[in-house]
Structures are given as structure tokens and as C-alpha cells.
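Start from the sequences and build out the full structure, keeping to the hints where you can.
There are 2 protein chains.
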Amino acid sequence: MKINESYLLKDDYVFTKINKNVAQFKEKYPKKRILNLGIGDVTCAMNRKLIEVMANALYEQTNKKTFKGYPPETGYDFLKNAIVNKYALKGISFICDEIFISNGAGCDVTNILNLFHNLTAVIADPTYPAYLNSNKFYGNDIILLPLTKQNNYKLLPYGLMEDRSYLIYICSPNNPTGVTLNHNELKTWVDFANKTQSIILFDNAYESFVEDNSPKSIYEVEGAKTCAIEVSSFSKSAGFTNLRCGFTIVPKELMRQNNSINNMWLKHQCTFFNGVPYHIQKGALFVLSSEGEKICQKNIKYYKTNVQILEKYLKYNNFEFVSSNNSPYIWVKIPTTQTSWQYFNFLLNTYGIVCVPGSGFGKCGEGYIRFSAFATREEINLAMKKLTKSAQYEIV
Amino acid sequence: MKINESYLLKDDYVFTKINKNVAQFKEKYPKKRILNLGIGDVTCAMNRKLIEVMANALYEQTNKKTFKGYPPETGYDFLKNAIVNKYALKGISFICDEIFISNGAGCDVTNILNLFHNLTAVIADPTYPAYLNSNKFYGNDIILLPLTKQNNYKLLPYGLMEDRSYLIYICSPNNPTGVTLNHNELKTWVDFANKTQSIILFDNAYESFVEDNSPKSIYEVEGAKTCAIEVSSFSKSAGFTNLRCGFTIVPKELMRQNNSINNMWLKHQCTFFNGVPYHIQKGALFVLSSEGEKICQKNIKYYKTNVQILEKYLKYNNFEFVSSNNSPYIWVKIPTTQTSWQYFNFLLNTYGIVCVPGSGFGKCGEGYIRFSAFATREEINLAMKKLTKSAQYEIV
Numbered sequence: 180m181k182i183n184e185s186y187l188l189k190d191d192y193v194f195t196k197i198n199k200n201v202a203q204f205k206e207k208y209p210k211k212r213i214l215n216l217g218i219g220d221v222t223c224a225m226n227r228k229l230i231e232v233m234a235n236a237l238y239e240q241t242n243k244k245t246f247k248g249y250p251p252e253t254g255y256d257f258l259k260n261a262i263v264n265k266y267a268l269k270g271i272s273f274i275c276d277e278i279f280i281s282n283g284a285g286c287d288v289t290n291i292l293n294l295f296h297n298l299t300a301v302i303a304d305p306t307y308p309a310y311l312n313s314n315k316f317y318g319n320d321i322i323l324l325p326l327t328k329q330n331n332y333k334l335l336p337y338g339l340m341e342d343r344s345y346l347i348y349i350c351s352p353n354n355p356t357g358v359t360l361n362h363n364e365l366k367t368w369v370d371f372a373n374k375t376q377s378i379i380l381f382d383n384a385y386e387s388f389v390e391d392n393s394p395k396s397i398y399e400v401e402g403a404k405t406c407a408i409e410v411s412s413f414s415k416s417a418g419f420t421n422l423r424c425g426f427t428i429v430p431k432e433l434m435r436q437n438n439s440i441n442n443m444w445l446k447h448q449c450t451f452f453n454g455v456p457y458h459i460q461k462g463a464l465f466v467l468s469s470e471g472e473k474i475c476q477k478n479i480k481y482y483k484t485n486v487q488i489l490e491k492y493l494k495y496n497n498f499e500f501v502s503s504n505n506s507p508y509i510w511v512k513i514p515t516t517q518t519s520w521q522y523f524n525f526l527l528n529t530y531g532i533v534c535v536p537g538s539g540f541g542k543c544g545e546g547y548i549r550f551s552a553f554a555t556r557e558e559i560n561l562a563m564k565k566l567t568k569s570a571q572y573e574i575v
Numbered sequence: 180m181k182i183n184e185s186y187l188l189k190d191d192y193v194f195t196k197i198n199k200n201v202a203q204f205k206e207k208y209p210k211k212r213i214l215n216l217g218i219g220d221v222t223c224a225m226n227r228k229l230i231e232v233m234a235n236a237l238y239e240q241t242n243k244k245t246f247k248g249y250p251p252e253t254g255y256d257f258l259k260n261a262i263v264n265k266y267a268l269k270g271i272s273f274i275c276d277e278i279f280i281s282n283g284a285g286c287d288v289t290n291i292l293n294l295f296h297n298l299t300a301v302i303a304d305p306t307y308p309a310y311l312n313s314n315k316f317y318g319n320d321i322i323l324l325p326l327t328k329q330n331n332y333k334l335l336p337y338g339l340m341e342d343r344s345y346l347i348y349i350c351s352p353n354n355p356t357g358v359t360l361n362h363n364e365l366k367t368w369v370d371f372a373n374k375t376q377s378i379i380l381f382d383n384a385y386e387s388f389v390e391d392n393s394p395k396s397i398y399e400v401e402g403a404k405t406c407a408i409e410v411s412s413f414s415k416s417a418g419f420t421n422l423r424c425g426f427t428i429v430p431k432e433l434m435r436q437n438n439s440i441n442n443m444w445l446k447h448q449c450t451f452f453n454g455v456p457y458h459i460q461k462g463a464l465f466v467l468s469s470e471g472e473k474i475c476q477k478n479i480k481y482y483k484t485n486v487q488i489l490e491k492y493l494k495y496n497n498f499e500f501v502s503s504n505n506s507p508y509i510w511v512k513i514p515t516t517q518t519s520w521q522y523f524n525f526l527l528n529t530y531g532i533v534c535v536p537g538s539g540f541g542k543c544g545e546g547y548i549r550f551s552a553f554a555t556r557e558e559i560n561l562a563m564k565k566l567t568k569s570a571q572y573e574i575v
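Protein chains in written order, with the working numbering: chain A, 180 to 575; chain B, 180 to 575.
Be aware that a few hints might be false.
Restraint ranges, calculated between C-beta atoms of paired labels, are given here [stated by the list, open to error]:
no., chain 1, residue 1, chain 2, residue 2, range
1, A, Q203, B, I321, 40 to 48 Å
2, A, Q203, B, Q376, 31 to 39 Å
3, A, L335, B, D276, 41 to 49 Å
4, A, N264, B, N497, 53 to 61 Å
5, B, L323, A, Q521, 53 to 61 Å
6, B, L323, A, T555, 52 to 60 Å
7, B, L187, A, S468, 37 to 45 Å
8, A, N524, B, D191, 50 to 58 Å
9, B, D191, A, Q203, 51 to 59 Å
10, B, S468, A, N264, 51 to 59 Å
11, A, L187, B, I321, 40 to 48 Å
Some chain B residues close to chain A (C-beta under 7 Å, calculated; not the full set) [stated by the list, open to error]:
no., residue
12, K228
13, I230
14, K247
15, G283
16, L422
17, K446
18, S468
Hint data in this document are derived by calculation from the structure and do not stem from the laboratory.
The beta carbon of each residue, even a glycine, is placed where N, CA and C say it ideally should be.
In C-alpha cells, the structure reads:
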């Protein structure tokens, strides 16, 4: 027995390092206010009705007749059916067995690696760090595709050999750049994946932010069912980051080497996972109702207004940045010659503003920072006013 | 990229097969009552005060000031501190960083495999199936140690080569036999593990049932901190099977090849896991209070009375069985020449009684069945009366 030496890699997980720096700052200046535009964690309080639904379901546990033991490993049918219906409304048909309720997207995008051997992962640079780190821990080969100003930060299969297959991570809108792939661009990926017998892992965590014509599911693209797994979450739309609930779709049509990936994932989940609590799934069910959808829309609108405020101030202060109506993140070019971490420390120490240094998302993120619009309105306004003051302009 | 062919193994997961057989039976005889003494899932309704604690914590999510986003990956300090205190009372000292709050023991006993390469697992036969299946999926070597009448169903390191290291699964009281290892026996394992640089994975899920002198933690045994990981759960004591919360201890002293296993598990959890909801951890905290402990004791007493009823009837009907005051499971020798599955089907079809066929736990389980005392009192009584009637005795 040997230890898996991949776990000995120097700990450079960006969010851990940010937390360390912020903790040091707090210790040094206990009275200074922190304005957290860093980690993409929601801040809106949850709707009372939604919490009531969950609390009521929780109270069912006090009655012998309604007490529930182990949840089904792949989720309760009531929630799976609601998800099937949600997709049916878009004209995409699934059956319950293709839906796997999870305790959030993060676990599934990483644990899925268990299903494969000799894997080459195709990952954007910059990227959500867990894609990269989980593949490193598995000792997989990794191909990084740079997202730069030159290619409009668009992830496309240019330069990939067509004589082999890959696990391709697509997050659209992308974290951290916020750039969305349109239908044609996703079609290019789907065709490439089907041709090369690759599998697309489509991280749909930010789906609810998309307001233009970009697909809100990879399955809107013809041919995706034979090559794509879609991972979704209630975290960002319904504020579930604390409550941990999401879902993963593995279509029955997704076969590799004549075997059903759906069957393999079912075996994985029944062995490595014990399901999501009943009351939380009841909450997720409510989120999918028309009343729940309105609640989500209210949250999204709040964060999108934050995006607009960020855009206004950044523009006023002559920052160069990437932003869209489809994403809660703004990808900002650093206006000085500082590195991402230097600029991060400058913002923290000067204004108490926390961002994410772009290099934490990969080499191509160097020279950038990410602002998250998931902060409170007050934090957003205060942070931007401080930045503006520093720019020695008066904001109108 | 190849699929991990270990996932193609014939699906013989015992609980899945039981569910299938029971579903078929229900379809055939929709009016017949099922008496479920099979899966080890709790049935006692949860205490109202405990649920209130969780519901109140859930309502904190509706207030901007008390709203919580992502939980810390390794758990909230309030719960980790309470666990540290629980162990301190037994004279075992830990620090918070050695405690990892999990969403149940099942996930951690399986995911821990990510930390190792070239692993040889040492597993009891019969055993909890997830130990075996997870190792099969990882393609690990497996050594099965038979638990038989001849060795009093005691798991001991007899016959294991001392020139190599292993990952050793110990569940005490054992699932399914219910047999506990005493201090000396566990000391034998700890000494063996330290000598061979093996690691013991101590599954402590049934700790709260132990009422004799057997250790209720592997760390009661001198030397365990340098060789053992302990996995615990609130499922069986506090009825948390639906709510999903447990904890895993990885001592700082546990080093292999000069590296900290604690650090490796921290990295794993921060990448592959997103933590447990705040309100559920608040519930777990309450479970550890003196009031919570009383609630657990009440549950345990209920299930233990079930054990006594099972014992009485089985004895009366001249069944040969293994049972103890330390376990919710009874390991019953099949009184006929039928196989475990044949006898399972006989009990199901004749009386509607669901047990677990022993062979589902491994080859050495053939010829046995497991009865679970986690059923309701009514089910236990009814099942035993039916069995007795069949034995053509009158129970007094």
C-alpha cells in the first residue's frame, strides 16, 4: 500500500489561500470591514415560504407514520419527476432513471472520475479549480485550453487530436470569465465528442443567469445525449449553497465501449453515496414550482443588478473587463503591472475588498481578478465607491 | 480514455436485489403485509425537540444577518468542538483539525480509497458490502478473513503476511454478525497495523449499542492514533439515516511515508466534498448534549428490547444464532439445507418477512440470514409470531 502521492502537491487551492490571507488581515485590523466580492457564495436570505416547506417536511420525521429512513441513493421520485417535467417543457425528454439527485454539483463533477481509466481531461484555463485538482489527484493527463482576449475567452476544440477520446469540462457561462458558448459553439463540441467518443461534462451551475439565446442545457444541442453528462445545482438560483442539493443527468443513450455510463454511475452512487435528506429534496421540489421559480427570479435579479453596478463603476474607472448578461462574475484586467496575487493583496490591504486573483484559476488567469456579484448590495456599492475614490474621480 | 471495467461486474449488491424481490412480491400480493427485518434502517420517529433545534436553525436562513452560505468543508467548529469534548470525557484528546464532519459513514469509508495506491484491503467475510464493492471498483487486491463458528466470528490478523501493509476494515460490533472485538483483540490489530505500517479503518457506526467493556472507540486502544482512522455516524443512535451526518477522525499522528494522512484527507474533502448543512450540524450538536444523549438512549433501548424479543422467539423455536447485548443485528443459522437466498425467498413468500440473506455479505455468510432489530416493535412481534406458528409451537 502506497499513499497517492498526487495528494502531496503543494496546497495552492485558491480559496484556501484567500481565506488565509483574509484571516491574517482580520487579525491585523480587527476593526476594518471586509467587502467580500471573492468566493461565489450567495448572500440573499432564503425565502420564508421555501424554508417553511423544508421545515414542515422535517417535522414529518417526528411522526412514526411519516418518518423516513435512508433516502433513495438517486433521489426521491417526486423530485426526479419534477426535473423530468422541467426538461420536457424545453422539449427535452428524460426518464427518472436518468436523473441522479446529488448533494451539489461539486461532488459529482469530481467523483465522476471514478468511472474512467487512462483519462485525458480537457479543461479551460482559467477554470473552476476543482476540475483541475480532482484530475491531478487521479493522476490523469490534462490538456489546458487557454481562454484569452485573442479567442474572446471562448472554449473550442481547436488543436485537439481527433484520434483519441477525452473528458471535456464545459462550464457555460464559464467560471471565472462569465463567457457563454452559443448553440453553434456547443454544437462544435458535441460533434467533436461524438466523433472522438469523448464525454462532455457540462457544468450547468449558472444556467439560471443565462438570458440570451445561449443553451441553458447541453441537451438543447442535437446529439448531446450520446456524449454529455449535465451537472446542475440549486445553489446559485435558489440560494442552496448551505443546504447541498443538485442533480446530474446521465442519459441512457450515453454508451462507451458498449456499456452504459448510466449503469456505472448508478453503481457508483449506490456504493459511495447515501442520498440527500427528504426535507431538502422537498425544498428543491418547491424551487421547481412556479412559485419557487418566481423566488429564484427575484434572487437572480438582485445579483444581476449587482453586476450592473459593478459594470458601471468599473467602466467609469476605465477598467478593462469581460462581463455579460449571462453571468454573476466579472473578469477584470488588472490596470497595473502587478500580478494577480499582488493586486489581490493591494485591494485587500487598501480597501478591505476581497476578489479572486485570476492566477488561482490557471496560468492564463494571471493579470486578471474575478469579482463576484453574489455579494450584498451594500458591499458592492461600498467596494466600488472605495475603488472610485482611489481613482480620484467623482462618480455621478 | 477507457471506462473503469470494474463497474461492469455483475450487479449483486444485496440490498438492491432484496428491494427487487420485495417489489415483485408486492406486485404479486399487493394486500400482503411486509415485515421488514432486512436493511438496517431505523424506524423510531425522531424526537420533537431535536427536530425543533434543526428547524430553528433552518429558519436562520431567512434572515440576512444569520443566513449561511457554503458550510466549511470539514464542518462547523461548534460541532467539532463538541466531538473533541466527547472524546476528552473518555480521556482521548483530539484537536478540531482531526475531526471531519461528513454526510454519513458510508461516503467516508468508501471515498478514503482515493488516498492510496497499490492497496490490499483486508476485509471480514461476511462484511458490510460497501467495503468490498468500493475496493472492487478501485481494482484493489482484497484479502478476505472468514468469520465462522470455529473462530467465534472474531476478526483477527491470523495468516496475514507481516512484510507488507494493508488497509484493514474493522467494524465492531460487526455488521452482520454483531460480534464485538474486546480490548485485547483490538490491541492485537493495532500492534499488527503499527508493525506493518497498515491503516485500520474503524467503522464505529454501532458504537452506541455497545454495553459491555468492549472499546467504543479504537482510540481507547494504546497506539491507535498512529494507525487508525475512525468513522462515526449519527444514523443509528439518533435516527439520522435520512438526515446524513457523521464524522471521521484522522489523527495528526497518522503518518505514512513521512506524510500526514490528515493533510491528504483535508485536501480530498476540500476538493470532492462541500460540507454538511448548518441546521443538520446544529441537530448533531444537540444529539451530543446530555438531553440529546437521553433521547439516543431511549432509541437504543427500544431497539435492544427488539433484540431481546427476537432472541426469545428464536431460542424458543430452536434456531441457532449469534447475538449479543452490543448489537442491533442477529446472525441466524438457517435451520434447513436451503441456501441463504432460498431461505430469504421462503420467509418472504410464506410470511412476508424480509431478512438479509447471509451470502449477500460474502461467501462465509452462506447458510445464514441477518435479522435487524431496527424494525418497529409491531413488525418484530408479528414476524416472530408467524415464525413460531410455522414451527408449530405455542409461544408462552
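Verification of the hints:
no. : hint                        : in the structure
1   : A:Q203 - B:I321: 40 to 48 Å : holds (47 Å)
2   : A:Q203 - B:Q376: 31 to 39 Å : holds (37 Å)
3   : A:L335 - B:D276: 41 to 49 Å : holds (43 Å)
4   : A:N264 - B:N497: 53 to 61 Å : holds (55 Å)
5   : B:L323 - A:Q521: 53 to 61 Å : holds (57 Å)
6   : B:L323 - A:T555: 52 to 60 Å : holds (56 Å)
7   : B:L187 - A:S468: 37 to 45 Å : holds (39 Å)
8   : A:N524 - B:D191: 50 to 58 Å : holds (56 Å)
9   : B:D191 - A:Q203: 51 to 59 Å : holds (53 Å)
10  : B:S468 - A:N264: 51 to 59 Å : violated (43 Å)
11  : A:L187 - B:I321: 40 to 48 Å : violated (26 Å)
12  : K228                        : violated (9 Å)
13  : I230                        : holds (5 Å)
14  : K247                        : holds (5 Å)
15  : G283                        : holds (5 Å)
16  : L422                        : holds (5 Å)
17  : K446                        : holds (5 Å)
18  : S468                        : violated (18 Å)
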